[in-house]
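> Taken in order, these protein sequences are the chains called A and B.
Sequential numbering from 1 applies to the first sequence in this note's numbering.
Sequential numbering from 96 applies to the second sequence in this note's numbering.
Simulated from the structure, these hints should not be mistaken for laboratory data.
Keep in mind that the hints are not guaranteed to be accurate.
[As the list claims (entries may be wrong)] Okay, the calculated beta carbon distance ranges per label pair:
1) B/A370 <-> A/G55: 38 to 46 Å
2) A/D68 <-> B/L134: 40 to 48 Å
3) B/M135 <-> A/T54: 22 to 30 Å
4) A/D68 <-> B/G262: 35 to 43 Å
5) A/P44 <-> B/D237: 27 to 35 Å
[As the list claims (entries may be wrong)] Below are the DMTMM-like pairs computed for lysine to aspartate or glutamate, each with C-alpha atoms no more than 25 Å apart in a straight line:
6) B/K113 <-> A/D3
7) B/K112 <-> A/E85
8) B/K112 <-> A/E79
9) B/K221 <-> A/E53
10) B/K113 <-> B/D190
[To be verified] Part of the chain A face toward chain B, derived, beta carbon under 7 Å:
11) E53
12) L57
13) R58
For each residue, glycine too, the CB sits at the ideal point set by N, CA and C.
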Amino acid sequence: MADISVVLPSILQPLAGGQSILTTPADGAVTVGILLDSLAGDYPVLARRLRDETGALRRYVNIYVNGDEVRRLRGLETEVAAGQEVVIIQSVAGG
Amino acid sequence: MGCMATEESYVLAIGTKKGLWLATSHDRQAWSMSGPHFLMSEVPSIGIDTRNGRTRIMVGVRSEHWGPTVAHSDDLGATWTEPEQGAIKFPEGTDAAVERIWQIYPDAEDRPGVVWAGAEPISVWKSTDGGEHFELNRGLWDHPHRSEWGAGYGGAAAHSIVVNPSGENVHVAMSTGGVYRSLDGGTSWEPRNRGISAYFMPDPNPEFGQCVHKIAADAAVEGRLYAQNHHGVYRTDDNGETWESIAEGLPADFGFVMLTHPRRAGTAWVVPLKADGERIPPDAKLAVHRTDDAGKTWKRLDSGLPQGEYNAVLRDAASVDSAEPAGVYFGTRGGSVYASPDEGEHFTEVASHLPDVLCVRAAVVSAALVPGAPVPA
Numbered sequence: 001m002a003d004i005s006v007v008l009p010s011i012l013q014p015l016a017g018g019q020s021i022l023t024t025p026a027d028g029a030v031t032v033g034i035l036l037d038s039l040a041g042d043y044p045v046l047a048r049r050l051r052d053e054t055g056a057l058r059r060y061v062n063i064y065v066n067g068d069e070v071r072r073l074r075g076l077e078t079e080v081a082a083g084q085e086v087v088i089i090q091s092v093a094g095g
Numbered sequence: 096m097g098c099m100a101t102e103e104s105y106v107l108a109i110g111t112k113k114g115l116w117l118a119t120s121h122d123r124q125a126w127s128m129s130g131p132h133f134l135m136s137e138v139p140s141i142g143i144d145t146r147n148g149r150t151r152i153m154v155g156v157r158s159e160h161w162g163p164t165v166a167h168s169d170d171l172g173a174t175w176t177e178p179e180q181g182a183i184k185f186p187e188g189t190d191a192a193v194e195r196i197w198q199i200y201p202d203a204e205d206r207p208g209v210v211w212a213g214a215e216p217i218s219v220w221k222s223t224d225g226g227e228h229f230e231l232n233r234g235l236w237d238h239p240h241r242s243e244w245g246a247g248y249g250g251a252a253a254h255s256i257v258v259n260p261s262g263e264n265v266h267v268a269m270s271t272g273g274v275y276r277s278l279d280g281g282t283s284w285e286p287r288n289r290g291i292s293a294y295f296m297p298d299p300n301p302e303f304g305q306c307v308h309k310i311a312a313d314a315a316v317e318g319r320l321y322a323q324n325h326h327g328v329y330r331t332d333d334n335g336e337t338w339e340s341i342a343e344g345l346p347a348d349f350g351f352v353m354l355t356h357p358r359r360a361g362t363a364w365v366v367p368l369k370a371d372g373e374r375i376p377p378d379a380k381l382a383v384h385r386t387d388d389a390g391k392t393w394k395r396l397d398s399g400l401p402q403g404e405y406n407a408v409l410r411d412a413a414s415v416d417s418a419e420p421a422g423v424y425f426g427t428r429g430g431s432v433y434a435s436p437d438e439g440e441h442f443t444e445v446a447s448h449l450p451d452v453l454c455v456r457a458a459v460v461s462a463a464l465v466p467g468a469p470v471p472a
């Protein structure tokens, strides 16, 4: 069984107890949505920063699975295989 | 030089496009600033709740990236707390998500713990636990008019909430939609806009759809409210049944601000802007205008204010405190903040070069909470 790693931007790390990488054990593929659901149990404020209360990914939050932004894949239905890395990055926005 | 011992001090919370600043003062003339708190998040709403023997500052915070949330501090900003599950979120089945908290309104002294909020999308919320968790007002959310309410330039929001002393009459104002009134504490709602112009619509006198920018209740006359409209300044003396213009005597009838006195009947303040299409102070001369006779006459107040000002003052970027005489505060989109300790007669600059000021709120607090109290002579 290999872990899935979720890499957080520095600005969100205080909401995960200061961790930069969260790991979750996986014995098969899970979707990004399920992965975020599991984060919400341990880090509810962090989870609210990423998705709104309808479950939608916030517009300027980008999530990459093995280097591909999930909106170009299957969104929150994108599957993450055991051993893969998920990277969360805020998009370039604002002024 | 001797100093009077003072038991009261003042806190001024300044919400901007890029964070929150807190200013404290013992005399409302010299201010100490802390901040920014929530740097790079906008703070469009603030409520300062001095009930329950504590001073709680509640803020609506919104990050472009990470969304909106409500946080509160019981120690003048030294620490902030955010409910884990979020203080304001749409319940399942509404298929809606909070975009921005526009208003946080602590209710009356004898209803401690009750705090109202207004949000975008257009919605009203009520907390009974001091602003830690809010419930959606279903009567307004399920109102048959909701699909016809529109977005003003800044977004579609309920931005004003006014509750009468008994708690039965609640008025909200929304842009756009106008004024809605409840006579049953917020259970059911009806539009109350008769007399308020919506010149930008095919029928300029619709039942609803007005762009009312801000409403405020008279301090002492039950059923009397004031409104700053998208062009037009109005008063109602019959709980919103009819509105009449009180714009005569003002240099312009456009603006966003409407403030009322904490105790005295008939006193209100506005900050006129020239026009919808020219959102600067008339002749670029920044001035507050006060009425002491419920809008029959207005007095121009500009002592201490800059001349040559090209920035607007937004609807919640102005506040009064509860002291005697009342303090008046406002900030501009150019990041300047002004305070008057004498109901607007004289202003001093509290801050300048801040990001756009979106919201200011002021309160009288115990001097013990504020460092640097004057030492008795």
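> Decide, hint by hint, whether the structure agrees.
How the hints compare with the structure:
1. B/A370 <-> A/G55: 38 to 46 Å: 43 Å, holds
2. A/D68 <-> B/L134: 40 to 48 Å: Cβ of A/D68 to Cβ of B/L134: about 32 Å, so the range 40 to 48 Å is violated.
3. B/M135 <-> A/T54: 22 to 30 Å: 25 Å, holds
4. A/D68 <-> B/G262: 35 to 43 Å: 55 Å, violated
5. A/P44 <-> B/D237: 27 to 35 Å: 28 Å, holds
6. B/K113 <-> A/D3: Distance ~38 Å between B/K113 and A/D3 Cα, so the pair is violated.
7. B/K112 <-> A/E85: Distance ~35 Å between B/K112 and A/E85 Cα, so the pair is violated.
8. B/K112 <-> A/E79: Given that 25 Å is the threshold and the Cα spacing comes to 37 Å, the pair is violated.
9. B/K221 <-> A/E53: 18 Å, holds
10. B/K113 <-> B/D190: The given pair, whose Cα atoms are some 29 Å apart, is violated under the 25 Å limit.
11. E53: This interface hint holds because 4 Å falls under the 7 Å limit.
12. L57: Since the shortest Cβ distance to chain B is 11 Å, the answer is violated.
13. R58: 5 Å, holds
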